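Whole structure, please, built from the sequences with the hints as guidance.
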Amino acid sequence: MRVTLDAFIDRAQLKSVGSLFRVSPDDPPHVRRGKRGLSVLLVLALLGAVAAVTALLKGHHVMGTTSEVSWGVLIATYVYFVVSSTGLCLVSSLGHVFGFKVFEPIARKAILLALVTLTVGFTVIATELEAPMRLALYAVISPNPSAPIWWMGALYAVYMVLIGAELFFLFIEDHGKAKVAGILSVIAALAAHSNLGAVFGLTHARPFWYGPLLPVYFIASALMCGAALIILFVWLGDYFGNGKQVRPENEGLLNVLRQLLALFIGIVAFFTVWKMITGVNGGHYHKYEVTMASLAGPLFFSFWVFEVFLGVVAPLWILLTSARKSFGALALAAGLPMLAVFVMRYNFVQAGQMFSLRPVHGHLGETFHYQPPFKGSVEGFLPYTPSLVEMAIVVGAIAAAALLYVGATRVLRVNPEVRHG
Amino acid sequence: MARYAMTCDQKLCVTCNACVLACKNENAVPEGEARCWTVQEEKGAFPLLSIATRSERCNHCENAPCVTACPTGASHYEDGGIVVVSADKCVGCKVCIISCPYEARYLHPDGYVDKCTFCIHRVKQGLDPACVTVCPTGALTFGDLDDPSSAVHRQLQARKAHVLKPDEDTRPKMFFLD
Amino acid sequence: MATPLNRRSFLRISGATVLGGLAASWGLLPPPEAHGAQDTSVIPDRVVPTLCELCFWKCGVNAYVKDEKVYKLEGNPLHPLSNGKLCPRGTGGGVGALYDPDRLKRPLIRTRVGGEEKWREASWDEALDYTARRLGEVKDKYGAPAIALFSHGHGGAFFKTLLKALGSKSIYAPSNDQCRGPRETGFELTFGQALGSIESIDTPNAKCIAFLGSHLGENMHNTAVQDMSRANANGATFITVDPRFSIIASKSKYWLPIKPGTDIALLLAWAHVLIEEKLYDQAFVTQNTVGFEQLAAHVKDKTPEWAYIETGLEPQLIRETARELAKNAPAAFVHPGRHVVWYGNDTQRTRAIAIVNALLGNWGKRGGFYLPATLPVKGYPTPDLPHGEEAKPRETFPFATLPCAYDACEASAPKDGLAPTIRAWIVYGCNVPLTLPNPARVIEVMQQLDFVVAIDTMPAEVTGYADVVLPENTYLERYDDLDNGPYRVPFVALRQPAVASLYDSKPGWWIAKSLGERLGVGQYFPWKDAEDYLKTRLEKSGLSFEDLKRNGVIVGKAEPIYDDSPQLTFKTPSGKVELYSQQLADAGLPPLPVYTPPEEPPTGYFRLLFGRSPVHTFSRTTNNPKLLEVVPENELWLNTEMARQLGLKTGDRVMLENQDSVATGPIRLRVTERIRQDCVYMVHGFGREDARLRRGYRKGAADSRLITRVKRDPEMGGTGMNVNFVTLYRFKEA
Ligand SMILES: Nc1nc2c(c(=O)[nH]1)N[C@H]1C(S)=C(S)[C@@H](COP(=O)(O)OP(=O)(O)OC[C@H]3O[C@@H](n4cnc5c(=O)[nH]c(N)nc54)[C@H](O)[C@@H]3O)O[C@H]1N2
Ligand SMILES: Nc1nc2c(c(=O)[nH]1)N[C@H]1C(S)=C(S)[C@@H](COP(=O)(O)OP(=O)(O)OC[C@H]3O[C@@H](n4cnc5c(=O)[nH]c(N)nc54)[C@H](O)[C@@H]3O)O[C@H]1N2
Ligand code: SF4
Ligand code: SF4
Ligand code: SF4
Ligand code: SF4
Ligand code: SF4
Ligand SMILES: [Mo]
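Residue numbers (our numbering), protein chains in the order written: chain A, 1 to 421; chain B, 422 to 599; chain C, 600 to 1333.
FYI, nobody ran anything at the bench for these hints, they're computed from the structure. For clarity, every value in this text was computed on a predicted model and none was experimentally measured. Using N, Cα and C, we set each Cβ at its ideal position, and we do this for glycine too. Please note: incorrect hints may appear among the correct ones.
What follows is a set of in silico ranges between Cβ atoms, one per label pair, in the way DEER data are often shown [unchecked claim]:
1) C:1193 to A:377: 47 to 53 angstroms
2) A:39 to C:717: 55 to 61 angstroms
3) A:321 to B:584: 54 to 60 angstroms
4) C:683 to A:216: 55 to 61 angstroms
5) C:1199 to B:464: 27 to 33 angstroms
6) A:180 to B:423: 50 to 56 angstroms
7) C:1250 to A:259: 48 to 54 angstroms
8) C:832 to A:304: 53 to 59 angstroms
9) C:1201 to B:451: 45 to 51 angstroms
10) C:1252 to A:321: 49 to 55 angstroms
11) B:423 to C:1155: 40 to 46 angstroms
12) C:1248 to A:61: 30 to 36 angstroms
13) A:157 to B:423: 36 to 42 angstroms
What follows is the structure, given as structure tokens:
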């Protein structure tokens, strides 16, 4: 069969894409609010773009990172986005790969969002690198296969191609090929993602990260994000596109996702608990310090309030109570973890670096006096606060992802029925 | 093939930092960063005290996590096992900084990661590294581990020495004579 | 800071925009700066051997110059004081001093605009004319001796000539009565000979050394540390007597954590043990000393048990260490110290040190005190200098080898309203407000003077109170007079410019000469310029200026520096080592060192002790960009238990207040086991108060400000400065 551009793009919508931001008198109030929201996102995205270019020009000179804390919020953001991408790919594959019917309607949107988040994630990491150009070049002409970070890059590149293909076949309704591409991208997703875990998990120098469980943990949290994001975009789509009402055909899907999300949150919580327990009892100097920083130190607030309460307790509670009756509550229960996961990523990246690897006190009561003087505090704590540029990039990236998704769902034929009906 | 190594005699070192400053000039190390540093490791309680005094730097590990982790091979082993960063291949991903158990690396303002090179440019000319040359107490010695006639070889034969964080299994080539 | 448009940035843009493609080829090129330091070395345009001036030891350094920029300094392997090695200040500080952006760049004249005082930049002609006129006025009105010179450092020589030419012998230095004056007096009284700036001790060959204070390793005189380290490597036994566990203490077999101010008790007990146990060198003592009987009687009851009460040191430890010294004699000595102005009994303490050394019979012996050699260099032919006079000081001291800076200060503005005998100061390379005791008083005095001219390289505190400030070139931009030891090998060394003067600053010789000509004593500066001066001196002495310029140093042929003959001669009145000093007796001073217990700190107070950081030289480096990177501020050392009681911890910032309720700070706390409970310790030179010193301004605190009290040394007038007590409290951010 012949593939035309119309298989993908709805030309009418393409012309009227501006109406996404144009508030018209006959819009119901919640739609007006939505449109104004989009305009705000647009502004944020543009600011983010400016920040990104600044970062690419000036590198670490405009970053809050230091030679001691050299990975900052941008790394966390990158991880946040690729985890989301992976999650979307995995969860949505339940439909067109593993044949759970309820998931099929959202396949295109899910993969589309996976592609968007991955692209945005790559852009963010590019701004974090000192010379992204050189990476593009030397990762190819002088690769180092022993480096997890190299594999991560390579595998995510493959993964990107595969989900691209998957999306393509979904659009042209070639479900056979789509399934094959789907299977491959699931494998790529798992490989790439566990490698991302390995980038941290294999750094023996950083006891807080080091360990075989990390890759698994990364997959678990990916699934959590995948489920949460699908809930969010389905609900938002209906909220604005269907007069605040969830379309009947989506109800089944949302109910399944409600249960999955609860399960995934449980698993992530399980990992977190054990990480903390081993951290406190493992008796390892560096790991202990860092764990205590989360439980009772500098990370206290973001750990207990965000990771624990907003990330686990609150959503689980909602999921098991009001979310059963109200989809609005369900959306909230999906939104909270997405917020929490960002903080989680940030804490995770910081925790591995926040204490100097040069000891200040030894196990046998030695004290170490360094010159040139130790850059952190007397206790060996290394400070880091993201710069404005970094923060602008983060906010801009999230805004851009949302916009791209909304725009794309508007002009692309993401709903199979749009073509038939 | 030589296996270059350095020793710091903790009996002689007075942590004067001449090595640090000589290095900064020799290698145009940017302000606020240093390729080597000194440590006074204080033990005991008044009046039964002891201090281990030493000058630390990149250990030019034989099993260097920074080299393993570098995606582009910018961090690599040079002849003689000296671990060097090729600035032109460095993309600034900083995973090497993250992987080094000794915090021996820093991000150079010009956008690449830098660290002690064992003054390879001097070694190639048959000179000692700048820090070794300047050291007023003669605490530092540089040479080829595999050459039985080298001072480092003989010192390590004759005296007890230790490396930093042996549990990291990095096999450092910076030795501290006790 | 990288500018947005260097290649790296370009790479980034292209990298961000056109992934892959042509721009990739740029990626192949290294960033321009990258390689300089990486694996290719800089080829210098020239290497200039000269002399370091970061302190007063004058090591030979080789300055590496590229594109008229000094980019590194290495020790001159030919120079006997460097042996190719340098201390941290010499290797890092030189470049820092040369390129310190805060340097004095132009002559300055103080002018009063309305009520307020202002600096006005002036031409050299104007500044010199003005200075000459003002000095001339003082000379005519009050006589030449009313003009005083405070000088420390190499270039001072030319200003001493200037002063003598004018007929003034009012020449002072904080390196005398604030430094080693008492030691020189103590050794002259005992051995008839001072030890000089490069102490004539044969450290590398010693088998046992006792250090009283003398914190080598922190005190970083290059050769002194090299020698100490050689002895250490050769397995010599070190005995360190110090209330603080100094670096040298950590290298020592014995650490004696003595109660501050009680060293004489220890020394007398050592003498007691050496005599009671017949461990002293009887041959040497009988043939070369006088007064042994009196000494023996004097120390009869100075048992280690007695000393224990005073010093807090275990009698057994005192005995063992005395025996250790004796066992290794004559290749053993008690280090004479250098900064010895501690408690005002310092000549007597150094006498006691000299006496114990005499008992060890180590004079002129390998591993003891060597007999230094000098390479004689002729002077430049000039008319004989007038037989000038010294301004009448407020107080005089019978055995002062040099007049005291402290008294000169007092004589410049007497508290009792008497007429000052000094009216004008020329200050060369001395930051007197930080290096004379009690800055407040020094400043008060400077403000009452008719005229002050400061010759300096930095806007140091002293320049803030001068009427004229003359910027000297740093040592890397100038010639200076020759340096010829004395040392264990005879040598003569040259300071010569490595690069042209960066600013409108001038060398000291030129400034002194120009002032001399304006003051009508040009005939004492007959030479055309420094090259002519140096060339002539060398050629008259049969040495080649060219060789010296090329190598930086000429080493003469070694002479014997030991004398093993049983009978030695000493330049004392008796011709022998004077254990008992008739000279002191005649002056009504104790002929044998008497121990008197130090004043106890009031409750809640600690004795304030101070010393050196290996990376800094007093206040001369505490704005040095390179050196401040390594040691950015000083810390106050406080004993752990005391800190616990005060509820303070390392890193806390505290204020210090002394017995006269003079407060200063804040200073960061270093809580440590490495110091006794009755004292605190800090490094001297920090706490700069002149805001023109942008880096060092208010970093750390100044011990000087807390030294409002001194105990004068009755023999030579040294200002004992370890007699101040401080209490501390947490600093509250305003
Ligand atoms: N890096 C560096 N080196 C220098 C200098 C410099 O500025 N910087 N200056 C040079 C000059 S000019 C001089 S004079 C010397 C000075 O250096 P030194 O001659 O070594 O000076 P001290 O005052 O003997 O040393 C201070 C030590 O004496 C201890 N101390 C204090 N009170 C007592 C006491 O009552 N008894 C005993 N036994 N010890 C005590 C202190 O704890 C401290 O450890 O250093 C020279 N070397
Ligand atoms: N409180 C306290 N006082 C002390 C001491 C202490 O430890 N504590 N130490 C004492 C001792 S041991 C000594 S030797 C004296 C030292 O006393 P000073 O010799 O006065 O010590 P510095 O602080 O080195 O003063 C050097 C001054 O010379 C300037 N200078 C540096 N290089 C040059 C140059 O090339 N040319 C010229 N013209 N000026 C230059 C510097 O900027 C600084 O202002 O201090 C004594 N005073
Ligand atoms: S120069 Fe030598 S003595 Fe000084 S810190 Fe370095 S190694 Fe130690
Ligand atoms: S010390 Fe650190 S930087 Fe040096 S080789 Fe080992 S891992 Fe690499
Ligand atoms: S920062 Fe440079 S040297 Fe370090 S790992 Fe990345 S590319 Fe390699
Ligand atoms: S070997 Fe060279 S680069 Fe390494 S610390 Fe010493 S001077 Fe610096
Ligand atoms: S001891 Fe250090 S500062 Fe003093 S002259 Fe020698 S090198 Fe320079
Ligand atoms: Mo001194």
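Checklist entry - For which of the previously enumerated hints does the structure constitute a violation, in increasing order of number? => result none
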